[in-house]
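Using the sequences and the accompanying hints, generate a full structural model.
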Amino acid sequence: MIEFFAMDYAYYVYISFLSFITVVIICTNNAFKHHKITLDRIKNTIHQMSDDNET
Amino acid sequence: MIPWLFISGLLLMVYGIINGLFYAPSDYQQGDAFRIIYVHVPAAYISMMAYSLMAFAAFIALIWRIKIAHAVIVSAAPLGAWFTFLALLTGSLWGRPMWGTWWEWGDPRLTSELLMLFLYLGYMALRASIPNITKADKLSAILILIGAINIPIIHYSVEWWTSLHQGSTLLKSGGPSIAAPMLYPLLASIIGLSLFFGSLLLIRTKAEVLKREKHSRWIKDMILGDEV
Chain A
1 MIEFFAMDYA YYVYISFLSF ITVVIICTNN AFKHHKITLD RIKNTIHQMS
51 DDNET
Chain B
1 MIPWLFISGL LLMVYGIING LFYAPSDYQQ GDAFRIIYVH VPAAYISMMA
51 YSLMAFAAFI ALIWRIKIAH AVIVSAAPLG AWFTFLALLT GSLWGRPMWG
101 TWWEWGDPRL TSELLMLFLY LGYMALRASI PNITKADKLS AILILIGAIN
151 IPIIHYSVEW WTSLHQGSTL LKSGGPSIAA PMLYPLLASI IGLSLFFGSL
201 LLIRTKAEVL KREKHSRWIK DMILGDEV
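In order, the protein sequences belong to chains A and B. For the first sequence, my numbering assigns the number 55 to the last residue and increments by one with no breaks. For the second sequence, my numbering assigns the number 228 to the last residue and increments by one with no breaks.
Hints listed in this document are in silico derivations from the structure and should not be mistaken for laboratory results. Built from N, CA and C at the ideal position, the CB exists for glycine as well. Hints should not be assumed to be uniformly reliable.
Claimed, not checked - Simulated crosslink set (EDC-like; lysine to aspartate or glutamate; CA at most 16 Å straight-line):
| # | chain 1 | residue 1 | chain 2 | residue 2 |
| --- | --- | --- | --- | --- |
| 1 | B | K211 | B | D221 |
| 2 | B | K206 | A | D40 |
| 3 | B | K220 | A | D40 |
| 4 | A | K36 | B | E208 |
| 5 | A | K43 | B | D221 |
What the hints assert, rightly or not - If we take Cβ atoms under 10 Å as the criterion, some of the chain A residues that face chain B in the derived model are:
| # | residue |
| --- | --- |
| 6 | F32 |
| 7 | I42 |
| 8 | I46 |
So, in structure tokens, the structure goes:
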């Protein structure tokens with residue numbers, strides 16, 4: 001096993017891996033947030049329409 | 001299906017990254033800088049795969065007018081753009097210690113990949129600029145199809161022209177030219193990121209379909225029945 005700080009070009013390697021993890025987190029967060037926001041909006045609209053119809 | 005894709009993709013990526021970063025042997029020429037391959041290659045692969053998928057969906061959408069194909073294109077674009085940006089960033093971080101430069105404008109692989117990032121951004125900008133959804137779908141699908149010419153250019157650029165970028169390591173005649181302890185974590189990273197991409201694409205497509213079909217009866221029934 002390679003030692004954490006004994007790696008050649010460690011700066012370039014670790015920045016690359018950190019940017020990969022960052023992009024994965026951003027994409028995951030965006031996807032789930034986008035889905036939740038869309039679903040909440042549609043639910044609100046439909047429940048509103050349903051309430052309006054009842055009244 | 002989405003949780004399975006998400007979790008299996010995540011586990012394979014973790015396996016690939018940990019093994020690539022700490023357990024794979026160093027390259028005899030590039031030393032430890034070669035470890036960037038474990039994030040650069042999967043990102044570059046996804047950037048091209050996402051665009052190919054979008055081009056295929058655009059073809060289906062324009063010829064057979066299948067509405068869900070447009071939802072797939074819209075959902076894949078931001079993911080593809082992020083992974084293209086990541087491929088360019090990690091490529092640049094690899095290029096600096098190996099080639100002595102962050103960027104080389106004359107290099108066909110680098111510039112064609114950058115062109116793909118502009119295609120993704122151009123697609124999203126074009127969609128955002130057209131308020132009519134049907135018109136936006138059609139025009140942006142045409143843009144995606146025209147831009148698909150860039151895919152073979154990216155792939156074969158290192159063979160057609162002189163490039164700083166190394167040739168293909170995995171997809172070459174005679175099999176991959178990489179030792180097994182280096183190869184397996186790389187394959188795990190590529191397959192893991194593909195599954196992960198698939199799960200995020202399904203989540204985004206689901207949201208896009210809900211948005212497009214919000215006035216449909218079946219959406220109303222699903223919401224009121226709490227089935228979503």
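Verification of the supplied hints:
In summary, the hint linking K211/B to D221/B is supported, as the alpha carbons are separated by about 15 Å, within the 16 Å threshold. For the proposed pair K206/B and D40/A, the alpha carbon gap of about 13 Å is at most 16 Å, so the pair holds. Note on K220/B and D40/A: the hinted pairing holds, with a Cα-Cα distance of about 13 Å set against a maximum of 16 Å. Pair hint K36/A plus E208/B holds up; C-alpha atoms about 11 Å apart against a cutoff of 16 Å.
Simply put, K43/A and D221/B have alpha-carbon atoms about 11 Å apart, close enough for the 16 Å limit, and the pair holds. The criterion of a C-beta within 10 Å of any C-beta in chain B is met by F32/A, whose closest approach is roughly 7 Å, and the hint holds. Restraint check, I42/A versus chain B: the minimum CB separation of about 5 Å is within 10 Å; hint holds. A least Cβ separation of about 5 Å between I46/A and chain B falls short of the 10 Å threshold, and the interface hint therefore holds.
In summary, this structure violates none of the numbered hints.
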